[in-house]
Structure formats: structure tokens, C-alpha cells
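Sequence order for the protein chains is D and C. For the first sequence, our numbering begins at 1 and goes up steadily by one. For the second sequence, our numbering begins at 236 and goes up steadily by one.
Keep in mind the hints are simulated off the structure, nothing from the lab. Virtual Cβ for every residue (Gly too), placed ideally from N, Cα, C. Among the clues, some could well be false.
[As the list claims (entries may be wrong)] Subject to a maximum C-alpha distance of 27 angstroms in a straight line, what follows is the list of computed BS3-like cross-link-like pairs (lysine-lysine):
hint, chain 1, residue 1, chain 2, residue 2
1, C, Lys526, D, Lys107
2, D, Lys126, D, Lys111
3, D, Lys68, C, Lys470
4, D, Lys107, C, Lys315
5, D, Lys126, C, Lys526
6, D, Lys111, C, Lys315
[Said to hold, decoys possible] Computed footprint of chain C on chain D, listed as stretches where at least three residues anywhere in the stretch have a Cβ under 8 angstroms from a Cβ of chain C:
hint, stretch
7, 22-32
8, 85-93
9, 145-153
10, 211-223
Each chain is listed here by its residues.
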Amino acid sequence: MLKVDNIHTYYGNIQALKGISLDVEQGEIITLIGANGAGKSTTLMSISGVETPRSGSIIFDGQDITHKSSHEIVSMGVCQVPEGRHIFPQLTITENLDMGAYLRNDKDEVKKDLEYVMDLFPILAKRRHQSGGTLSGGEQQMLAISRALMARPRLLLLDEPSLGLAPLIVQQIFEIITRVNQEQGTTIFLVEQNANMALKIAHRGYVLQNGMIVKTDKASALMEDQEVRDAYLGV
Amino acid sequence: MNRLLSEAKKSLITSLWFMVLTFPLLVIKVNTRDNTVVWRWMNLLWVAIGAFGLSWIWRRMLERREKGNTRIQSSAWREKVTVFASNRKFQISGLSTLALVVVLFPFLVKFYQVGIVTSALMFVILGLGLNIVIGYGGLLHLGYAAFYAVGAYSYGLMYLYWGLPFWVALPFGAVSGALFGLVIGFPVLRLRGDYLAIVTLAFGEIIRLLLENLSGFTKGPEGIAQIPRPAFFTKLSLQGATTYLYFIAIALVLLAIFVIKRLEDSRVGRALEAMRDDEIAAQAMGIDLTKAKLTTFALGAVWAGMVGVVLAGKTTYINPGSFTLMESVMILVAVVLGGTGSIPGVILGAFLVTLIPEYFRALADYRMLMFGVALVVMSIFRPQGIIPRVRKRYTVGGGKE
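Only chain C is shown next, with the shape it has when bound in the complex (with noise of 0.2 angstroms):
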């Protein structure tokens, strides 16, 4: 009764404290046509419950956290799920399912819908790119929508001047990609952490600026329009070619997953992970840092470039205002959220960014704050995201245990 007590005085503070903070923006309205002020007390009130009974439960659940209940529950329930899912008949069955929905979605629904999910899978490849950089390299790189950026110039770009073609551009956009994650490679070879944030941001809107700025040459903050879709053989209509471009975007899935996953088996994806871990420690096993921290750059920036081309193709227009740090935020949310290092948990992470707001049209305004607090408590209850890598268990040249 006493715990309930303090318990209830704490939620209580807490509620009056909030009372405090949002009594300007949402108690006081100035009415500016007739120059009177409103009071909506009724709004202090919703307040006032809502922070108790939200502090209530933050704390019941901090407090659950604390004692563990929450991980031997959660990993019983993995253990049934991992056996559920290693069932050799439902992974048939669930995959096969899986790849049937996938391709008939764009027949079944609205090519409006359509449009939306490949956004969506553009992302996926966005976050599983980006992933590569800071799940495996441990390198935080704040700036990856310069990638995006350069990929989506780089068809706009050879359109403008020479009128080449989709297909042309997409392994031209990979390519400048990863030739830029090289530029922005060198300079920060010896920087770590907070540093190298600092400059990856700053890369970021440096690429950004410079399209905004050379106006000759980028058409500055017009932008480019009327960039093809891609043809398919012929040109196709606005919903064939925006089913066409949902089935490129999940052949670049597909490709990406694919990519990673060998990867991360590689000697290559090995010493990236050595690298993250400790740099001294991969530079005594004879991993070369250099190369290495470049290959993470590179191997990054050819997915930004290649989904940056799709982008093009699929907007039609590219402009420097879609290249923001608010994008790069996006990315990083979108790995962060669904569990760095993780594949499935970076394409959940992607889909739940891109679709929420989506969906959910009448929140717009939040969406920000949404993003803001989720991160706060991802970071406190689930650090590791919402579906955390699992480590292989293998033994050295003997294959898996």
C-alpha cells in the first residue's frame, strides 16, 4: 500500500510537471482576430491524465525490465519461434506463400498501392545498404543520402545531356555510388565515432549543396524533369511502368539480401566486423584498415546509388530538396529501429518508417515526434532492435553446428 502510495506521488509529480510544460502551447490560445486569449483548461486535464497514466506504465515497465521477466519470457518465446521457423515444411510453405503474394500484389491492389510499396522496398535496400556501413562497419555515417543523391543524378544527369537510357543508368549509378563512398572514404580513414559522424554529415550536405549550386550543370534547385520511366522493350504506361519498377525494386531486394548475406559469410564481411569491434585488435590479425574501411564505404554507397537511379526513374523528377539530412535521419532510423545489423530487422525497420506515415496520413504532423519517441524507447527497453541479428554458430572449417 505504502509502494502504491509513492508510486502514485511520483506519477503525480511527473504529471504536473508536464501540466507545466505544455500549458503555454496547449492551454493559451491566442485568438488574433479579436484580440482575446482562449483558455482550453479541458486540454490541461487530458494532459494531467495522460502523463500520470503514462508515467505509471513507464515505470511498471522500466521496473519489469529491471527484475529480467520481459528476456527469459522473450526467449522462450524465440526458442519456439526459431523451431517453428526451422521446420523445413513451413519455410517451404511460408516462402513460397510469401513469393506468391509478392507477385501478384500489384495486381490485386491499386497501382496508387503499388507505388507505395516499391517507395517502401526502396527503402528496404536504403536501410540494408546503409546497414552495411554502420552494421557491420561500426561506422556512422550521417551523410548516406549524398549516395542517394548522386545515384539519382547520375541518371538525370545522363539523360539531360546524353539521353541514355534506365538500364544504362542503373550500373552507372552503382558505380559513381561507390566511387563516391570512396571520395568520402579517405578523408575519414583515421576518424571514429562522434568525429565521423561530424564529417559524414557534413559530406551529406555538401553534395547536397553543390547540386543546388551548380546551376549549370545540375539545373540547381529546379531540379530535372520529365526523366523516363524504365522502358520495358517498349515505353509503357504510367501503371505498367509502375508495376515494372516494383519488380525491379524487389529484384534489387532480392540482390541486396542475397549480396549481404554472402557477405557477412565472407572473410571480407569478417573483417569489417573485426574492424567495428577493435580496430587495434583487426589491425594485429592483419587486416589491412585501410581497405577495409573503404570497402565498407564503397559496398554502402553502391546501394544508395543504384536505388537513387530507381528513384529517378520512378519520379520522373529529381531535385536537391529530396536529398536532405532528414533523409539520411530516415535511413538511420530505419536500421536503428529494426535492428542494426539485422537483415529482416532493417527491412521490418524500412517498411514500418516508410508505411506508418503513410497510412497514417492524419498524423503527419507527429511524425517526427513519433519517430523521436520510439528511438527513446527502443534505446531503453530493446536496444538492439526490434528483431536483433542472431549470431551463426559455426566451427572453423567445419561449416555450421
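So that you can see chain D by itself, here it is in the shape it has in the complex (with noise of 0.2 angstroms):
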């Protein structure tokens, strides 16, 4: 579904990608791993189109995606949920994830996935005269995932779910990630630093140390890997 290969990208001088390769199938969760500065979050702003790299070819359904703008892939089926939530503040939830939907003309499966949204979280429904800015971390990340979820992607991007939330959250948010997975075939491209959930929902992982992808096998695999268990895992 999603090919990317031999990618190298730079902010000014700085080479942030050394040619990464990789491979998303249909249906799959793959995850991103790695530590801080690792390069996580620029293959994902590659993918998506915020940055362009340099070098290599991103396909995504069999067509070149590599240089095209962020909003044409979104158009694409492409969505992204950027790291540190990015929600907008002063919308209220409800229109928060009518711009989800931005890009879509089919009002009535729009409603039907605003309500599947709502019924994933019902913090969400609960709250939705109120504007974004005053939710909680937490209900920032869910309005945020399921803002995404309203572009109905294809393929999901998450930069970093469990970014400051607590291990509650956390697990919950995952949860809703499987459940998404399963219940709407959404392919998802999960980066994340909390190793541990993220090697636990997955299908397959791969690991990325400055720049380069050094490791990739099934998650399972991966959680029995001794290095990554010394490095990512903490046990």
C-alpha cells in the first residue's frame, strides 16, 4: 500500500533521513520506533508531505506521492495526526472534527462517522459544544485521532499518541487504535517512543536509530530481540 524507498531527508544542512526503506500492507498497524532525534517524526512528515525529501520515492498506492503538497495527499487518503496533538483551540469539538472532514462531500457518511467518532469516545459527545482548548491532554489526543478518523483515511499516521498522557490514557488510546484497525480495516503507520504499547499492538515494527533503519521484523519478534529489549524496552 505504502512504499517507501531509500528516502534521505534534510532540514537545511542537516540530514535528518539516511536512506530509509519501508513497507506498509493494507490493514496492517506497523510502528516506528526509536529514540529521541532518531529521525521518527520526519519519515512521517515525509510521508505526508509536510517535508520533501531529497532523495527516493514515496508510492502510496501505486502512485508517486514523493513531491506532492500535504493537502493533495491528504485528498489522496493519507491522514496524519501530527505529534503534540495540534488540535484547534478555539473550535469547538464538533466543528474540530468537521474539519476532519474537510476534504469530503458525502454529508451523510460523514454523519455516520462523526457518530462512530462519538461512540468510540464519548468524552467526545459529551463535550461537543466545547471548544478544544479547554479539554483535557488526554481528550485532546482523542479529539485529534478522531479528527483524523473523519477524513476516513486509508492509511492513519500517528505521531506519538501517548505523548505526555497518563499510562491510562494511554492504554485506552491504544485500544481504540486495535479497535479502529479491526472494526474499519484502517491501515496505521504508528511512530511512537512508549516501545513496550506500541510493539504490543502491532503487526510489525521497525527500528530506527539516527537516521537509518536498523532493525525490522513482526512486533512480536521484536519484543523478544535482545538489543531492542535493552534499548527500547527497559526490561
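These two chains come separately, so use the hints to put the complex back together.
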């Protein structure tokens, strides 16, 4: 479904990605784990078109999206939940969710999806007239994920959904991610520092180090891997 | 009792401080004719009493705000108002009375007053236009008067060179306003906040200086004179033209309100607001930021362009001096004072900013001081403006709730 081939991304003169290749199959949950500054977010931004790789190619559904702008990529069915939530603080919850469906024209389906996400996160239904900025951190993350789901993406890019959240909330959010993957068949590309949680729900994983992929395997195998255990799982 | 004493002490210190501050200006007066110094000690007393009293009130109000008293009161009060305002009967009778007053107004008062109100209405349109850029787009624009100048000069120059009438110039002014909006939009696409403010400020000055120095083309600082007032089939008398311009201004205000209301509910409007709230998230939602920003500038500038044409038709004389930074700032003050993003707020703000100095001519020297004080007080006690924006409650695909 998504094939990233040997991409190099730079910030000015600093090379953040040194030849990343990975592929994501339809219906999978793929996780990309790694330490701070390894290039996880950059990989994600390169896919979603916020950053453009200097060389290499990104193919989504047989189409080259390497140099497409982010709004074109969204319209193809790739939706990103940016790191640090980035909800619209002044818009209400409903308006936030509605923004997720910005590029969609099928009103009835949008309504159905709205009901679906409100069912996933009942707290959002309860607060739907509140402005986004009044939500707690966990609720904002839920809103950010729901908003991305409103775009009905085929590929959902999640950038550190666990960032700064209480373990219980993290648990809840990861359960929902699994549920969306199973119920909607949404392919999920998950970037996480919380390798433990990420590997638990993912099918396959990639380990990123200094802008390069150093290891890839089934998530369960990675969990057993001694190096991964030492470096990322802290066990 | 103890608290009262400490309060008094604080106010006393403030008052002393103000006495020191204002001493050189308000007490000492040099009489240059017979080289004597006049000591106006009475002034010092007034300053002392005034500063003491005001600082007392100031602290009281801060305290009240801290306790949140005002909020509760005002929300109960607002509830009453909304209930009253949503009453259908009241709406109809209120609106029809307003319409009647608006229509009859120019025939009931002296035409001098009509001119003033027309200026205020023009300011309302400017405010509404700037409100699109600031309130919806969230882009701080300090050179808005440049678009105003573009509109005015497009009529002035079109008349000067081709002898074209007002009604041809009006749409042209709108279009050239929008074009200049795009011109400023492109270079500032990547800027935000303070940097954007600086660049737009510079843009405003560039346009003004261009108009001033391209004397061969624009007639420079001497301006363009004897631009005809709009004609209603035939040439109108001064009085007739004033009334006519009043109705043109009213029509433009209504048009602006209508368009902005539609914009608010539209996808484009929502995109602008999303961009204001969070650019990264907006991008992630598939909003084309380049397009959204350019749209914001163009949509905002259209109105200034049109009002510019009206201004040229109203005053019959334009020169670059009418489009200084001060003008941009006054429009900004109207928007911020009234309530950023709120249509009724901006309308009220524009009326306040234009009519108060007009009817309190005696205080003309203190005008800037008053606006400064008003802005400081507002930003502390009511940062969202006099009439803040009320967000609509609605559900996706299902209309209003």
C-alpha cells in the first residue's frame, strides 16, 4: 500500500533521514520506534508531505507522492495526527471533527462517521459544544485521532499518541487504535517512543536509529529481541 | 480596617508616582514672554486626587475580576438578552424599526450629520474587511490602509486619465484591492505573528510612499482633486450626493455583512479559522495553506478597495496623506475594541472609533490617549472585545441545533 524507498530528508544542511526504506501493507498496524532525534517524526512528515525528501521515492497505492503537497496527499486518503496533538483550540469539538472531513463531500457518510467517533470516545460527545482548548491532554489526543478518522483515511499516520499522557489514558487510546484497525480496516502507521505499548498492538515494527532503519521484524519478534529489549523496552 | 489601610497606602504610592511623573509637564510652565516660571500647584493637587481615586477603582475592578463576579453576572445578563433577542416578535419589530431609522435618517438630520455617519459606515466596512484577515485568518495586518489607498486611487486615476465614472470604478476598485491583497500575500506566506505584522506595516508604507513619489503618475503629495461624486442618472447636488453616498455605504455594509455571514458558514471560512487556530493541524486536514492565506488577504482587501472608491467619491479629493499607518491602526483599534471575529462587535467598534472623536471635538487632542487607555483597559478586563463572538452550535450535516 505504502512503499517508502531510500528517502533522504534534510533540514537545511542537517541530514535527518539517511536512506529510509519501508513498506506498509493494507490493513496492517506498523510501528516505527526509536529514540529522540532518530528521525521518526521526520519519516512521518516526509510521507504526509509536510517535508519533502531530497532523494528517494514514496509510493502510495501505486502513485508517486514524493513531491505532492500535503493537501493532495490527504485527499488521496493519508491522514496524519501530528505530534503534540495540534487540535484547533478555538473551534468547538464538533467543528474540530468537521474540519477532519474538510475534503469530503458525502454529508450522510460524514454524519455516520461522526457518530462512529463519538461512539469510540463518548467523552467527545459529552463535550461537543466546548471549544477544543478546554479539553484535557488526553481528551485532546482523542479529539486529534477522531478528527483524523473523520477524513476516513485508508492510511492513518499517528505521531506519538502517548506523548505526555497518563498510562491509563495511553492504554485506552491504544485499545481504540486497535479497534479502528479491526473495525474499519484502516491501515495504521504508528510512530512511538513508548515502544512497549506500540509493539504490543502492532503487527510489524521498524527500529530507527540516527536516521537509518537498523532492524525490522514482526512486532512479537522485536519484543523478544535482546537489543531492542535493552535499548527501548527497558527490561 | 488593616486591609483598607494597606489599600490606601498602595493608592497613595501610585498617586505620588503620578505626581512626580506629571510634575514637569503639568506644574511647571515657562512664560517665554517675560521669562518667568509659573508654578501651577493646583494641577498637582488634581493629579494627586485623580490618580488616588483611579488607582483605587482600578484595584477594586481587578479584584472583582479575580473573584470572577463579573463573569457570572454578565453571563446571566447575557442569557436574558439572548432569550429576549431570540424572540421572533422582538426580532421582527426591532429589525423593522432599525430599517426605518436607517432609511429615514438622512431626511431627518442635517446633511452634515449624514456625511459623518457615512464616514462611520465606511469605517464599518473597513473594519469588517480587516476582521476577515485578523478575526478569521488570524493574520495580523498593519498595512490595511494601503488597500484603502489602492481603491481610492483606482477611482482617482481612472477618472484622471480616462474620465471613468464612480460605478465603473467601484468594481474595479474591489478587484484591484483583491489583486494587491494577493501581491502582499505571496511574500508573507511563510511569516507569522510579529514578522507578519512588520512586513504588512512596511507594505502599507511602501504603497503610500509610492503614491507620494510617483508624482508623474499619481500627482504625488498634492493629490487628485475634483473627482466627481457618484451620479444618480444625472449629476446630483451636494446634498443629494451626500444622501446618495449614505445609501451606497449602507448597501455596502449590508453586502459585507451578508458575504461575511456566508463566509463564516462556508468551507472556506472554516478553513481560514482552522488555519488561524493551528497551521500544522490545518495542513494535516488537507487544507491548502497557500490558498487559504491568499484567500484571506484577497477577501479582506476587496472591502478596503471598495471603500476607497467611495471615499474618493465622497471627498472628491484624495492624497497619500489620508492613508498613513495611523489609519491602519485606527481600523485595527475598531476591530479589537469591538470584538475580533464578531460582526456586531466590529460594527460597534467602528462607530465608536469614528463618532466619539467627531462629537467630542473638544477632546480631539487627547484622542490617541483615550484610545490607548481604552485598549489597555479592554485587554485587561475584556480581551475578547465589547461584543465577543458567539460561536454557533451545530452538528455536522444536520444544520443548527
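Hint check:
{"no.": "1", "hint": "C:Lys526 - D:Lys107", "verdict": "holds, 24 angstroms"}
{"no.": "2", "hint": "D:Lys126 - D:Lys111", "verdict": "holds, 17 angstroms"}
{"no.": "3", "hint": "D:Lys68 - C:Lys470", "verdict": "violated, 57 angstroms"}
{"no.": "4", "hint": "D:Lys107 - C:Lys315", "verdict": "violated, 35 angstroms"}
{"no.": "5", "hint": "D:Lys126 - C:Lys526", "verdict": "violated, 34 angstroms"}
{"no.": "6", "hint": "D:Lys111 - C:Lys315", "verdict": "violated, 33 angstroms"}
{"no.": "7", "hint": "22-32", "verdict": "violated (count 0)"}
{"no.": "8", "hint": "85-93", "verdict": "holds (count 7)"}
{"no.": "9", "hint": "145-153", "verdict": "holds (count 3)"}
{"no.": "10", "hint": "211-223", "verdict": "violated (count 0)"}
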